[in-house]
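> Given chain A's structure and the hints, the job is docking chain B with the ligands onto it.
Chains as they are written, first to last, in my numbering: chain A, 1 to 412; chain B, 1 to 147.
Among the hints, erroneous ones may be present.
[Stated by the list, open to error] Facing chain B, according to a computed beta carbon distance under 8 angstroms, are these residues of chain A, among others:
no. : residue
1   : P43
2   : R57
3   : S318
4   : G320
5   : H327
6   : H367
7   : T369
8   : I371
9   : A374
10  : D386
11  : I392
12  : Q395
13  : K409
14  : G410
Keep in mind the hints are simulated off the structure, nothing from the lab. Even for Gly, the Cβ is constructed at its ideal location relative to N, Cα and C.
Residues per chain, in single letters:
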Amino acid sequence: MKRYVIIGNGVAAAGCIEGIRSADAEGSITVISAENHPVYCRPLISYYLEKKTDLQRMNYRTESFYADHGVTVLYGKTAEQIDAEARQITLNTGESLPYDALCCCTGSSPFVPPMTGLDTVEKKFSFITIDDTLALEQAVTPDSRVLIIGAGLIGLKCAEGLHGRVQSITVCDLAPRVLSSILDDKCAAMMQKHLEANGISFVLGTSAKEFKGNSAVMQNGETVDFDVLVLAVGVRANTALVKNAGGEAGRGITVDVACRTSLPDVYAAGDCTEYHDISSDSVKVMALMPNAYMQGHTAGVNMAGGEAVFSNAIPMNSIGFFGLHCHTAGSQPEGCEMIEEADDTHIRRLFVKDDRLTGFMLIGHMHRTGIYTALIRNQTPLSSVDFARLRIGPQLAAMGAAYRDKVLKGAV
Amino acid sequence: MKRIYVKEEWCLGCHLCEYNCAFANSGMTDMVKALRGKTIYPRIQVEQDENGVTYAVSCRHCKDPVCVKSCIAGALSKKDGVIEIDHDKCVGCQTCVLVCPYGAVVEDGSGAAQKCELCLKNSCGAPACVKGCPNGAIVYEERGEAE
Ligand SMILES: Cc1cc2nc3c(=O)[nH]c(=O)nc-3n(C[C@H](O)[C@H](O)[C@H](O)COP(=O)(O)OP(=O)(O)OC[C@H]3O[C@@H](n4cnc5c(N)ncnc54)[C@H](O)[C@@H]3O)c2cc1C
Ligand code: SF4
Ligand code: SF4
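The shape of chain A in the complex, shown without the other chains:
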C-alpha cells in the first residue's frame, strides 16, 4: 500500500486527493494542514464580508470529503523539513512521516515590504485566510476609515467586501493604475472609474513611506489617516521546503507538466509553483485557483502511478467589482496586434500574433468568453477559423462544421 503525503490543505491539495483516488483506492493519504479549517474557497473571503456567502457555504467540498476519500488530516500542524533521500518529512511537533510520494501544496504567503513605523499601527491585517477575514471583520465598525495598501486583485476584492460596512475606503498602490498585473492603462482606467463611482478612493503612483500610529505618510508627501490598515501588496510562493531539500525553485517551485519537482517522488502544485505559460512561452508563477486544482489533480494521478499532464496552462482571471466584470486570459507578447472594440460600457481587446490568439482583455460583456479562452489554450491557428466572426463575438459558428460535428454530435 502506497503512502501519500500532501503538505498544505488548499484547493491544490483537494485536487491532489481527487487525482490520487481516481487512480488508487487503497493507498493511505495524509494531509498536513497549517490552517485549522477543512479546505475552503479562499477567493470567497471577500464575498463573506459582503455577506454573499457564509462559512458553511465557503467549504470547497462536502463535510464527508476527507472520510469519503480515506484521508487523514493533521490540523494545526506544519511541515518543517523534507528529507528527500530518506523519503520522510518532519513536522513542527517533531514527528516524522514517511512517504512514497509527496506533494507540496503550500500556496503563498503575504509579502510585506519593510515600511517604517509599521509596528506603530495597532489594527493591521493581511487578507488571505479565513482567520485574517474574521479578525478584520472584528476590527471594523461603521465609522472605520480603512486604508488598503495594494490595488491588485486581493486589495480591491477586500475593498469591495468592506464596502458598506465601514465609513471610507482608500486604496493606494505604487503602480499608476489598478490591477496593474492583469490590465493595461485603458482597461484599468475603466475599472477604476467604476470603483470610484462606488465610493472607493485611490492614491496611485505612490505608496506609504512611513506609518505614525493611525496615519500613513505617502512617498509623495500626502498623509492618509485611517483606523484599520490592510496590507495587500502581494504574495510570495512558499518554496522553502522544497528548496531547502535541494529542489529547484525560482520565484516558485519548478515543476514540469506532470507537476514533478526536481526531487524524486516529490510533486508540487498550486500557488507555490512556477510553470510554463503556453500563451507567452515562458515560465511564470500563475497563482490561480483553476490552475491550482488542475495541477493538484495532475500531480495526484501521477503520484498514484497514472499518467496525466497539465500542458495548456495560461494565466486567466475573471474578476468583477460592484457588478462590472472583467475577463482576461493569456498574454500580450512583443509585437502582437491588438484588435479593439469599445464604447462607454465595454471594452474588448484581442491580442493576436503569428496566426494565434495569444490573449484578451474584456470588460463589460462577458457572454461565452470561454470560446476565446479555448482558442488560446488549444493554440488554434486563426487561419483555420472564421476570425472575422469571432471579432464580433465568441461563437462556435466561427469554428467550422467539422469542429461542431465533433462537439455537438458526440460526447466530449
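Coordinates of chain B with the ligands only, in the frame set by chain A:
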C-alpha cells in the same frame, strides 16, 4: 449516459428551444406569465453559421469538465455524469464562463451563473428543449461513448 445532441440539418432556427428552456426553469406554470415582456436567460443558444445553418448549443456534460475544475466556490460538480451547479454556493464570479470552451455557461440575470442541467432538477424531468423542438433537431439519447 444520455446527453443532448443536435441534428443541425433539421434545425429551423426558430429559437423555440431558448424559450422552452427559460420557461422550464422559471418554476412557473403559465408560459405567457413566465416570459412575456421579460429578458430571457436561456441555457441553450441558437447559432447560425455563414451558410445559414442553425443549431442549438448547450452544455456538453463533458467527461472531463473544465468548469468543475475551475469553479472558485466549489459550486459545480459532476453527479452520475451530469454537471450540476449549486445555486446557493455560486457567487457569480463567472470563472466558469471564462473557461467553458463551448460558451455553455451563462449568467442567470440575478448575478449567478447557470447552465443546462438536462431539466433533471426542474419539474420537466427531461430536457424541455428536446421535447418542444418542432422538428426533432435536438435529441436526448445514449450514444454509447465510453465515459
Ligand atoms: C482574496 C483573494 C481572492 C482571490 N480570488 C481569486 C479569483 O477570483 N480567482 C482565482 O483564480 N484565484 C483567486 N485567488 C487565488 C486563489 O485563492 C489561489 O490561487 C488558490 O487558493 C491556490 O490554492 P493552493 O492550494 O495552491 O494554495 P492555498 O490556498 O494558499 O493553500 C495552501 C495552504 O498550505 C498551508 N501551508 C503552507 N505551508 C505549510 C506547511 N509547511 N505545512 C502545512 N501547511 C502549510 C497554508 O497555510 C495554506 O492553507 C484569490 C486569493 C485571495 C487571497
Ligand atoms: S459547462 Fe462547459 S465545460 Fe462545463 S460541462 Fe458543460 S460544456 Fe463542459
Ligand atoms: S460563477 Fe458560480 S459556478 Fe461559475 S465559477 Fe463562479 S462561483 Fe462557480
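> Look at each hint and say if it fits the structure.
Hint-by-hint comparison with the structure:
1. P43: holds, 4 angstroms
2. R57: holds, 5 angstroms
3. S318: Where the cut-off is 8 angstroms and the nearest Cβ of chain B is about 4 angstroms from A:S318, the hint holds.
4. G320: holds, 7 angstroms
5. H327: Interface hint status for A:H327: holds (5 angstroms vs cutoff 8 angstroms).
6. H367: At about 7 angstroms, which falls below the 8 angstroms cut-off, the nearest Cβ of chain B leaves the hint on A:H367 intact, so it holds.
7. T369: holds, 5 angstroms
8. I371: holds, 5 angstroms
9. A374: holds, 4 angstroms
10. D386: holds, 6 angstroms
11. I392: violated, 12 angstroms
12. Q395: holds, 6 angstroms
13. K409: With Cβ-Cβ at 5 angstroms, under 8 angstroms, it holds.
14. G410: Status holds, d = 7 angstroms.
Hint 11 alone, counting from the list given before, is not met by this structure.
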